[in-house]
Amino acid sequence: MFKAIAPLRSFAVATALAITTFNAMADYPDRPLRIIVPFAAGGATDVIARTVAQAMSTRLGQSIVVENKAGANGNIGAVSAARSAPDGYTLLMATSSHAINASLYQKLDYSLTKDFVGLSNLASVPLLLVVNPSVPAKSVSELASYAKSNAGRVNYASGGTGTASHLAGEQFSTLTGAKMTHVAYKGGSQALNDVMGGQVQVMFANLPEVLSQVQGGKLRALAVTGTKRHAALPDVPAFSETAYAGMSARSWFGLFVPAGTPPAVVEKLSQAIVQSVADPAVKERLKGLGADPVGDDQAAFQKYVNQEVARWAVLVKQSGATVD
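Counted the way mature numbering (1 follows the signal peptide of the UniProt record, and there is no 0) counts, the sequence shown spans residues -26 to -1, 1 to 298.
In case anyone wonders, no lab produced these hints; they're calculated from the structure.
Mixed in with the good hints, there may be bad ones.
What the hints assert, rightly or not - Derived lysine-lysine pairs resembling DSSO-like cross-links, with alpha carbons at most 27 angstroms apart:
(1) Lys202 with Lys242
(2) Lys112 with Lys122
(3) Lys261 with Lys112
(4) Lys242 with Lys192
(5) Lys81 with Lys112
(6) Lys112 with Lys43
(7) Lys160 with Lys202
(8) Lys202 with Lys112
(9) Lys242 with Lys88
(10) Lys81 with Lys242
To be verified - Across the chosen pairs, the derived CB separations fall in these ranges:
(11) Lys261 with Asp4: 17 to 25 angstroms
(12) Gly190 with Arg127: 23 to 31 angstroms
(13) Ser37 with Arg127: 50 to 58 angstroms
(14) Gln173 with Val297: 31 to 39 angstroms
(15) Ser186 with Thr155: 22 to 30 angstroms
In this text, a Cβ means the ideal position worked out from N, Cα and C, and glycines have one as well.
Using the sequences and the hints, build the whole thing.
Okay, here's the thing in structure tokens:
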């Protein structure tokens, strides 16, 4: 008799748990969500996250708080998100920097591909090669020639070792044979200020972060990475139009949840993001920032993230960059 009752009791408990979980998912979300942005407020990552979060809030029927947790090239915020409960109430705004970190750091307290599930790529931006107006180069070829004839005296800035701007500079040096000296800063804004001030001559920057400075004449844009010109700067050639078509790096900005988040929640969040990015007002806002809206589905984005981690690993190895 007891042997018969035990399985029935276990089945009843399992059924009750399943019903409870289903009801919880049906009510999701029933309280505010938060998005951890692992960089300082005001940068491209922060602005893009807040733009999409506002639209998501309307679709989910809950407020979304954006929390900035900057430090260690985005790793502090990522670790905090990875350790959060996998219940769909904490999201991480990760970027291509996190894909780079996977091979840049020998020891990380999280894995972008194992500890997180990608929801959607909100937007991507090309890198813009800019110089201080005092640099006597008005094209990529002229910059390459200038750097070659001034070996060791041309510096390029980045927001930190191993960032997309750093690796793009290393790739450019390799392609052109014009070795420039890397100057790493603790953030893109600091790097940008010194390029405008003339302390450093060159920078590969995320287009949204330098668009207004280029338009205002404070910086000169020479080329944009990728195969086509950008609508925000139609007179600036794409690298595909130059002798260095291999410069194709882009920065991307995507939302993730901790691994183990229920599939139904993952799907609901992904759909909310896709719909938000497709909203005409959101698209217009992102394009105004110089970003290209993406809004892909969960499966496509997860595949892309896996590819990005592998692709950047090759560039990190070629550059010899490390922070450990």
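Results of checking the hints against the structure:
1. Lys202 with Lys242: It is violated: about 34 angstroms lies between the C-alpha atoms, which goes past 27 angstroms.
2. Lys112 with Lys122: The hint holds at about 15 angstroms.
3. Lys261 with Lys112: holds (26 angstroms)
4. Lys242 with Lys192: violated (44 angstroms)
5. Lys81 with Lys112: violated (42 angstroms)
6. Lys112 with Lys43: violated (39 angstroms)
7. Lys160 with Lys202: violated (30 angstroms)
8. Lys202 with Lys112: With a Cα-Cα distance of about 19 angstroms, the restraint between Lys202 and Lys112 holds, given a limit of 27 angstroms.
9. Lys242 with Lys88: holds (21 angstroms)
10. Lys81 with Lys242: violated (33 angstroms)
11. Lys261 with Asp4: 17 to 25 angstroms: violated (34 angstroms)
12. Gly190 with Arg127: 23 to 31 angstroms: holds (27 angstroms)
13. Ser37 with Arg127: 50 to 58 angstroms: holds (52 angstroms)
14. Gln173 with Val297: 31 to 39 angstroms: violated (23 angstroms)
15. Ser186 with Thr155: 22 to 30 angstroms: Between Ser186 and Thr155, where Cβ atoms are some 27 angstroms apart, the hint holds.
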